[in-house]
Each structure stands twice: as C-alpha cells, then as structure tokens.
Amino acid sequence: MSIQVENISKSFGTFAALYGVSLDFPTGELVALLGPSGCGKTTLLRVIAGLETADAGRVILDGEDASDTHVRERQVGFVFQHYALFRHLTVFENVAFGLRVRPRRNRPSADEISRRVHRLLDLVQMDPLADRFPPQLSGGQRQRIALARALAVEPRVLLLDEPFGALDAQVRKELRRWLRRLHDELHVTSLFVTHDQEEALEVADRVVLMNRGQVEQVGTPAQIYEHPATPFVYGFLGAVNCFRGRVEGAHVRVGEARLPHDGQVDIQGAAVVGFARPHDLQVVTDLAAANGVDAIVSRVHAFGASVRVELDSLEGAADRGEPAHYEVVMPRERAVSLTEGQRVKLVPAQLRVFADQAA
Amino acid sequence: MTAATVAILTSPPSLPRIARRVLPGFGLTLGLTLVYLSLVVLIPLSAVFIKAGSLPLGELWNIVSAPRVVASYRLTFGASLLAAAINTVFGFMLAWSLVRYNFPGKRLVDALVDLPFALPTAVAGIALAALYAGNGWIGSLLAPLGLKVAFTPLGVLVALVFIGIPFVVRTVQPVLEELEIELEEAAASLGAQRGQTFRRVLLPLLLPALMTGFALAFARAVGEYGSVIFIAGNIPMVSEITPLIIITKLEQYDFQGATAVAGVMLVFSFAMLLVINLLQAWSAKRTGRGR
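Protein sequence lines correspond, in order, to chains A and B.
The first sequence begins at 46 in my numbering and counts up one residue at a time.
The second sequence begins at 3 in my numbering and counts up one residue at a time.
For the record, the hints were derived by calculation from the structure and aren't laboratory data.
We put the beta carbon where it would ideally sit given N, CA and C, even for glycine.
Derived contacts from chain B toward chain A, CB cut-off under 7 Å, selection only:
no. : residue
1   : L185
2   : A188
3   : L207
Build the full structure now, drawing on both the sequences and the hints.
As structure tokens, then:
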C-alpha cells in the first residue's frame, strides 16, 4: 500500500520538528528515514502512524485521506525502539494481543489465533520461546517479537522507529540483514527510522535524508551516496574532506593551492565549498607538483585490505579554507612509502563543489 | 602449548580461598539490625502472647469471644477492609490524575495527599466528628436525607478512609510514572480500545503496586485509634472498635484481658498481611518480574 504525505508541518512549542514535508512512498518498498537526531524523522513516522497529529498537511494511505483517522483504525504496524512489549504477557500472548482485542465479529477463533501466532513466531524464528516472558529474552529476540506482534494485525504498512537502536553492533548487523530478507518475503510497504547511514544505505530500497525538519534528498542508496544533492548530504554520509575557496576556471583556489573540481559551479570567483571522500584524495609525495594542498602524515592505520591515513594541515589551515585534518583511504601497496611526519601534497581526484552559503 | 603453560603458572595455590565481600561491615550492620528489630518489634510482640498465655485457656476463650468483643472485631476488620478497598479505587484515580495530567494547583494537591500522614490523628478525629455530627457542616446536610455518619459504623469508615489515602497514592504513583507511554501507544496501534488497553495492559502492570497500597492502608486502618474514637461514638456492639476495647480493659487494670484481645488482633493482622503478600508474589511472578 502506498503512503503519501503532503505539506506536513508539526511544532512542539517553539521548536519546528517538521516543516512542509511532502513525500511519496510507493507500494512494497523498504524506505529509510535517515538524519541526525532532532531532524524530525521520528516525528514524521509518528505522524504517519497517527501517534502524533500534524499541525498542517495531510497523510494519505492507499489513496485515502487518513489525517483524521485514529491510530487504531489506520492498520499500521508500529515497532518501537525500546520494543514496548507487554511484560506481563507471554511471547505468545504479546503476538496474539492485536487479534484478541478485535471486536467479537472480526475476531478469529481461538484455533485460528493460535495458528496465526505460531506461523508468525516461526517467521521470526521464535516459536520455541512462545511461553517465555519478555524480560527473559535478549534485546534482539525482543525486537523480533515486537515485529511479529506488529505483523499479527496484518498491517497495511509497517513503521519501525529506530528498530535496532538499542542493540549492540553484532546483533544490529544480523537483524538488519534479517529485516531485509523478511521484507523481500512479505513486501509490506515499510518505513524505518535510523540515524545510522550505513544501516540506511545497506538495508533500504530508497533513502529519505532529512535535516532540520525538511527533506534534503530522496533516492536509492547508490544515488544518495554517489550524487549527494546538498553539502549536508555529502557531509552526513560518511567521512569527508571539506575545502572552502573560490572558483578559478577549472580549479578551485584554496589558500595558495589549486585543486581541480567537477565544474558544478562554473561562475568565476564564486565562493564554493568542495567535498572529497577519503578514497577520492590522492597523496602525492612530489612536493613540486602544480596542484594540491600541503599536509603532514600523522598516522597510518595499516590493517585490512586498504590503508587509512590521517593527515594534519600546516599551520593556519582555517584561514586558507583547508580542514585541520584529512582522512585518506588508499590501497595497501600505495601506502608503503608513507611515514609518519612526512610532508606530502593532497590532490582530489574528484572534488564536488557547491556554492558556499556561509560566505 | 603456550596457553597451557601460562594457565599453570597463574593458577592459584590450592589453599581454599575465603570469599571476600566488596561491601564492608556485613556482620556489624546485620547484628545491629537484629538487635534493633528485637528490641523494637519482636520482644514487645512476644510479650503480648506471653502475658495472654498466662490465662487459663477457657478464660482466654471467654474473653476473646465475648459478644461485645466479637462485634468490635467485625467492625474493625470489616471497616478496615472496606476503607482500604475504597482507598485503592480513589487513591488510584488520584495518583493517575497527579501523574498523567498537568493542572493548576497540582503541587498543592500532591502535598495535600500527605496531610493524613502528618496530621496528629486526634486532630483529624475531632475535625471529622465536628464536620459529620448532626449539627456539623456536612452532617447537617446529610441529616435530612436520613444519613447519620457520626457515632455510627459509617463514621468509623469515614475516619479510616481519611487516614488511608496516602498509602495507595504513594505506592501507585512511582510505578505509574515509570510505565512507558509506548505501551499504550503499542496497544492502540494494535487496534485496542482505550478500555481494553486499560484492562489488558495497564491494570495488570499496576496490580502489585495497588495490592501493596491496599495492604498498607488496611494495616494502618486496623490499628487506627485516635481519629476513630471521636467520630465513632463508641456505642458497644455498634460502633466500638477493637483498639478501644483494649484501652477500656487497660483502664480497668485488666491487663491480661487486654493482651488477650491484642493477641487476637495480632494474629488476624498477620494472617491478612500474609495472604496479601502471597497474592503479591503471585502477581509479580505473573508479570514476569518475580524472577
């Protein structure tokens, strides 16, 4: 089932959590709402669920305006960050809850409830623990029960609020792969909120990146990562090296240095901010090279297939528009000659420039 | 190989090791606690039984089963149970509104709840008696309706309700504050009506706290003396509470009779608290917290 939101605004007191958000979630996709804390992603999810009422705008579920529908009539499955399991009920009863509270005429028979609950518990691989109470389960198990409970009412959409936020790294990775597989089986339109960009890029079909109550960019993980639309998106998705300078033809002048750029801003003399990912920066040991900024190698992390190098700028970096530190990733064989304290030049193979709003 | 060598080198000598406690002073604190408990609680309580036990068994039975005394048991325990039940319902509502809503004067109401704790019981008794007497503010309003409160068992109930309020409110309040709002949101998102959420989610989770509050209010009501005697009127067989019977016997220098009745009260109270505690343990286990 499709979800559309139109012009949603919501404030808490003087704090505007959402500001004119319009989005269209197609049927059957797994979409990540990604952004830093306080960006409004959870509020948007709660507005869609009906747990929060928007100050303005409409929520359209399956083509019908659901803005004034109560959460219990919206048929959405909601999974909470801290599980919100009923601790006085067994795992079985937790999952059966949504079926047992139905009005008598729609309530399945006891046998039917039992059959459906066990099928769901099988699906989340928890059937052997049906008689346990939630406090006797691990975090990952609890979250799977919470998911089974939400699925029991056959929701039209599944909404997950930081579903893996309270779990440790290992379980997190396992569960998000599992969620992806589950979604491929069920094809329920699903939205999940996360502040972890790796999680969003790895699991989702589509990513909605939010900042300060507004949508920054919508796209597939590849689109978002390869072609960030705004400086914020660039900075939010992974480590980045950021330069400030002015356009000079095919180059950006940063202090005394000249760096080639991608030509997105071609107004002469325009103030720009340029971004290069750690793997887009090349380390040049020839100090006489025409392009590049000066830097000093401070640490070489030589483990794994590629080597991560940390570098410091020369003194007065901020005045010239250079970052104070750099991060560069390169193949192992290219890093062998680098020693800590060595002076090098850094040349971006690809420098994405945006007009500098701050200048 | 290396690992094994290291393990052998660092394995402790085969002397039995004395388990060391991290917190010091276990012996001292436990000793003091036991002495204190004995002096303050155990010795006085056992003195009641020893004194009562000096009576011949037949005479003891005659004293504790005299019709006037039995009527007082009925009033004391009946009114206490009823008062605790009333307080459980209304104390829960009070705690609910204090936790869930914001309203002007909330802090004042919160402070008022503790007043029955703080007020000398005799003051409360006089105030209640004056209010509910036939010519008092409330009593004069109820009189035309044929309702007599002061100097009847109903008056005893009113006094016991008054002194029991804080117990339920103060035990339920913190538990209610800790209940995550998400539980209710989860129930609603699963399609539960408000009433179903309350009955199936909130009430079972609050039940242990409600029962503790009930037990405390009940225990307090059984022993209450000061606030009751003024409004009760102390008519034998009608509105005379057991603690008053004990006092009356003491005033007549009938120490043995007084301790006999006191012993009966003690046994009753113990039995009731035991039942309530068992219920509590059962419900805590059922909510998965009794692990």
